Every structure is written in C-alpha cells, then in structure tokens.
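So the chains spell out like this:
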Amino acid sequence: MELMTAPSIAEQPTPKAKSSSGCLRPHIEVENLNLYIQNNHILKNINLAIPDKSITCIIGPSGCGKTTLLRTFNRLHDGSVDVKITGKLFVDCEDIYAKDTEVTHIRKKMGLLAQRPCSLPMSIIDNVVYGPRIHGVRGKRKLYAIARHQLNAVGLWGEVKDRLKSPASKLSIGQQQRLCLARGLAVEPEIILGDEATSALDPISSKTIEELFLSIKDKYTIVLVTHTLRQAKRIADYVAFMYMGELIEFGTADQVFNHPKHKLTKEYISGGFS
Amino acid sequence: MKKLEEKIFKILMIGSTVLILSILLYILYVIMKKGLPSLSWDMISKIPSGGFYLGKEGGILNAIMGSLYLIFFSVVISLMISVPVVMYLNFTLRRKSKLAAFARLTFDVLFGIPSIVYGAFGFTVMIYFGLQASLLGGIIAISLLIIPVMIRSIDEVAILIPNDLVEATKSLGATNYETIKVITRQLLPGISTAVLLSVGRGIGDAATVLFTAGYTDSIPTSLTQPTASLPLAIFFQLSSPVEEVQNRAYAAALVLTIIILTLSFAARYFSRRLSKNKI
Numbered sequence: 001m002e003l004m005t006a007p008s009i010a011e012q013p014t015p016k017a018k019s020s021s022g023c024l025r026p027h028i029e030v031e032n033l034n035l036y037i038q039n040n041h042i043l044k045n046i047n048l049a050i051p052d053k054s055i056t057c058i059i060g061p062s063g064c065g066k067t068t069l070l071r072t073f074n075r076l077h078d079g080s081v082d083v084k085i086t087g088k089l090f091v092d093c094e095d096i097y098a099k100d101t102e103v104t105h106i107r108k109k110m111g112l113l114a115q116r117p118c119s120l121p122m123s124i125i126d127n128v129v130y131g132p133r134i135h136g137v138r139g140k141r142k143l144y145a146i147a148r149h150q151l152n153a154v155g156l157w158g159e160v161k162d163r164l165k166s167p168a169s170k171l172s173i174g175q176q177q178r179l180c181l182a183r184g185l186a187v188e189p190e191i192i193l194g195d196e197a198t199s200a201l202d203p204i205s206s207k208t209i210e211e212l213f214l215s216i217k218d219k220y221t222i223v224l225v226t227h228t229l230r231q232a233k234r235i236a237d238y239v240a241f242m243y244m245g246e247l248i249e250f251g252t253a254d255q256v257f258n259h260p261k262h263k264l265t266k267e268y269i270s271g272g273f274s
Numbered sequence: 001m002k003k004l005e006e007k008i009f010k011i012l013m014i015g016s017t018v019l020i021l022s023i024l025l026y027i028l029y030v031i032m033k034k035g036l037p038s039l040s041w042d043m044i045s046k047i048p049s050g051g052f053y054l055g056k057e058g059g060i061l062n063a064i065m066g067s068l069y070l071i072f073f074s075v076v077i078s079l080m081i082s083v084p085v086v087m088y089l090n091f092t093l094r095r096k097s098k099l100a101a102f103a104r105l106t107f108d109v110l111f112g113i114p115s116i117v118y119g120a121f122g123f124t125v126m127i128y129f130g131l132q133a134s135l136l137g138g139i140i141a142i143s144l145l146i147i148p149v150m151i152r153s154i155d156e157v158a159i160l161i162p163n164d165l166v167e168a169t170k171s172l173g174a175t176n177y178e179t180i181k182v183i184t185r186q187l188l189p190g191i192s193t194a195v196l197l198s199v200g201r202g203i204g205d206a207a208t209v210l211f212t213a214g215y216t217d218s219i220p221t222s223l224t225q226p227t228a229s230l231p232l233a234i235f236f237q238l239s240s241p242v243e244e245v246q247n248r249a250y251a252a253a254l255v256l257t258i259i260i261l262t263l264s265f266a267a268r269y270f271s272r273r274l275s276k277n278k279i
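These protein sequence lines are chains A and B, in that order.
The letter at position 214 of the first sequence is residue 214 when you use our numbering, and the numbering goes up by one with no holes.
The letter at position 53 of the second sequence is residue 53 when you use our numbering, and the numbering goes up by one with no holes.
There could be a bad hint or two in this list.
Sample of chain A residues facing chain B (criterion: CB under 8 Å; computed from the structure) [said to hold, decoys possible]:
hint, residue
1, N74
2, L76
3, H77
4, V81
5, R107
6, M110
7, A114
8, R116
9, S119
10, L120
11, Y130
12, I134
13, G136
14, L164
15, P167
Quick caveat, the hints were computed from the structure, so don't treat them as lab data.
Since the structure is predicted, the reported quantities are computational estimates derived from the model, not experimental observations.
We put the beta carbon where it would ideally sit given N, CA and C, even for glycine.
Please build the complete structure, drawing on both the sequences and the hints.
Here it is, written out as structure tokens:
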C-alpha cells in the first residue's frame, strides 16, 4: 500500500508562525515522530505542522493512534515506562523531548480537555484558579478576577456566580467540562488540546463546547481528537486523517472532506469503515 | 421454592445483624452496670494515690493521659510513614508492579501479626538499645502495630483514584509534589477513616504496651519516662481480689469506650466534611 506522507511545511495551506521569540515554526510541529509501547510500533514516522490559531481535527478509526499522538504534545506519556519515543516535537521552536526541557513549562502552554471532565477535588473557584495559583499568582482579588474572566469566557459565570465556593463535583457533567476548559484557559496557554472532549456529553452540552471552540479559535491553536466525523465537518479548519499509526492525509477541511487525495481517506469519510 | 429461599436468607441476614447489635449492646450494658457506680469525677481527674489498688483514694488520670499521649504520637508518626508509602505504591510504581504487589502482601502479613508479637519485638529492640520501658518505647511499638492498618486502609481508597485526576493536574503544569497535594485532598476522607481504625486498634491494645511502655502512677513528662495506659489499668485492676477495685476496672473500660466512641463520631463528622469536595 502506498502511503502519502504529510505535506511538507512549504506546501501547507497557511502555517503562519510568529511568536515573540522570533520563532518561525508553528506552535506545534512534529518531525519524524515514532512511538513504541512495549516494542509495538504505535506511531509511525509522523510529520505534521499544526497551523496556528485555528482548529485542527485529528480523525481516524479507533486504535489508529489519534489520542496517543495528542498525548505526546504535552508529554503525558512521561509516566509510563513502557513508552519509547523517537523524533522531534517542537512547541514554539523548543524540542520538548530534548533532554533538558522542563516538562511543567511545556504543559503550561497547553490546556487539555479529557474525554470525561475531571474536576479537581476543590470548590468551583479553586478549580479555575488552581493553575494560576501553582504558577505563583497571589492575591484574592486578582484570583477572583481571573476566575470571573475565564468563567465568563466559557459561559459559566452566570450559572455559578452565586456558588463559587461549592464543590465542583456538584456541577453537571457538561458544566464540568466547561469548568475544565476555564481551568485550562486560566494558565494562559497558547494551545488547547481536546481528547474527544465532547464524547461523554449530551448533545446540548457538546454543542456549547463546540461553539466555545469556534469563539476562541482566533486566540488559540486548537487540536481536537474526534471520533465523530460530523463534528470535524462542523468545526475543523484543518483535518489530519490517521490510519494504523500513520498520518495518511493532512489538509484544509474543505480539501480533506471534499477532495480527499488518498483512497483510504475517501473510504473513511464516506463511511466505508470506522 | 424461590420464595422460601428468599425468606430464609432474609431471616439469616436480619438474624446476624440483630445478633451483632445485641452483643454490642450487651457489652455496653455490662460495663455501664458495673462501671457507672464507680465512675466519679475523682476517677477521671486524679492520679492514683497510695493504696488506690487496695480500694483507696485516687483515679486513673495517669492511664487516660498515658493512652492519649501514646495514641496521638503513634498516629502522627504512622501517618507520616503511611501516606508517602501509599503515594509511592500507587503513583510512582506502575499498576501491575511486582514490587507493589509484594509490598501489599507484606503489609497484609504485618496486619495479621498479633499485637503481643509487636510488643515482644519492641521489647527486644529496646533491650538492644539499652532503653527502659518508656513512653517512647510504647509509641514505637504502637506505631509498628498500626502502620499496616493505616497503609492498607488508605491504599484501598488510593487505588480508586482515577488516573484522569493525575493527568488533569499535571496538564496544568503541576509538579509531582503539587499533584500529590491534590491527590491527598481527594484521599482525605479515606485518611480520616484510616486514622479512626488505627486509633481503635492502637488505644485498646494491652499487649503492645505491656513491656514497652510499662506502668506508672504518674503522668509522664518526658519521652523516656514509663507511662500508664487504659488497657493495662483495666487489666491490673481486674486481677485484684478487692471487689471495689474490680469495679473500677469496669469504670476504666467505660472511659476507654467513651474515648473511642467520641473519636469515632468525630472522625465520621470530619470525614463527611472532608468529602465535600471529593470528585
């Protein structure tokens, strides 16, 4: 089977990248990334540059390595000894798998939304300001302002402003997912990672989350792993299609969905397999 | 047929509940009946004077304070050892780690060791270091006794902590230490239950303190002094031929029961408050 490698940076639609440090790469760039779990080759030579300030959806059938790839972005595999990673992964021009890279500083640049929202065992407001707090922000008023701003950004302020001190676990699961997003935004990341962030939510809550993504995409680089093609069609600017650990195709949503270059992509999109 | 089966099991279940409850109530009844008449303010506010064990003036304040000292310091020491052990077992080692499995087995074995063995072991160690029976010796022996209890009961709760919580915290840029603090918050109700269980086991145990803490009529003022304890106060008084002294043993038992009940209710109350934020 002939597989197409991802387009190089040159032919990519609009990989604009400029951070304050004069970095010329996009926020996230993956180069020849390979990942093995107990000698199983899970990710095979991935090359991918994720365009800034837009929504990129990673799609593909179950077990194709979407989530594994997403978790490499903020080094969540660090805890597992079985995992071996080769290749380079640049976040703001910094190779995050280099020896002297400090992991907390990388993770601070990214907010992660898990499949099921996981609120921290504390009150609503403490959940939102947890990140700022561990990164050294002090002062009640300042923290309150952050909480208010971020809860507003995810449309939760009106619903919780009278019970900021009550346990986060009392919120509905949809509200908790928005709380987790607010908590992620509060550390002022540049990138937001979503691992099937709406799959545990009811339709209305997932719609709210999708709309949130759309409303904040001009400020953040958003990477979503999604299982539902329809969701990708609704919100993606760019789409990466993965199959059996390989990146088959990457391009704008319009191109991938309407004029897929690869046979496998065409088949997957038309529902040939899932 | 099915119905009969259901009925038999229902009767069995109700029967065993009633049996256990009535045994508990009967124990309470016996200690109250025998102990209450001897329980006076003097009893819990004075230390024994000369001839106390022959039925004269005095109280068991020495034993009450001794037991409280012993259990307080043992619980603090055990917590300082148990919590890190549980964290290591659950969050540093992998789920299927052989070392963790072996450690858990070891703690189960230690859990099952009779308390007199801990007492004898503590005694040997003390002789080796040339120590006399003392508050310190008692604290060490009781700590040895309750650490396995504590580790196993905190561990039961720690196993249930979702990996998502660890990842959620880490993905916000938290260090390992900060992550452990969040996990500890989630563990708090479990820790309070563990403390309750170990207090129950530690404070009521006579065999561990028999050789290690000794017995004395005064309240200890330093770690190297011997100390009295309630279980031994009960034991010594009960073995007296004087009936009045025997009744005082029941009064001491009543005091011990009241302390344990109070601590249980306090622990339940705190546990409920602490689990407020639990996810």
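Evaluation of the provided hints:
no.	hint	result
1	N74	6 Å, holds
2	L76	6 Å, holds
3	H77	11 Å, violated
4	V81	7 Å, holds
5	R107	4 Å, holds
6	M110	7 Å, holds
7	A114	6 Å, holds
8	R116	7 Å, holds
9	S119	5 Å, holds
10	L120	6 Å, holds
11	Y130	6 Å, holds
12	I134	5 Å, holds
13	G136	11 Å, violated
14	L164	13 Å, violated
15	P167	4 Å, holds
Violation of the numbered hints given earlier is confined to hints 3, 13, 14; the remaining hints are satisfied by the structure.
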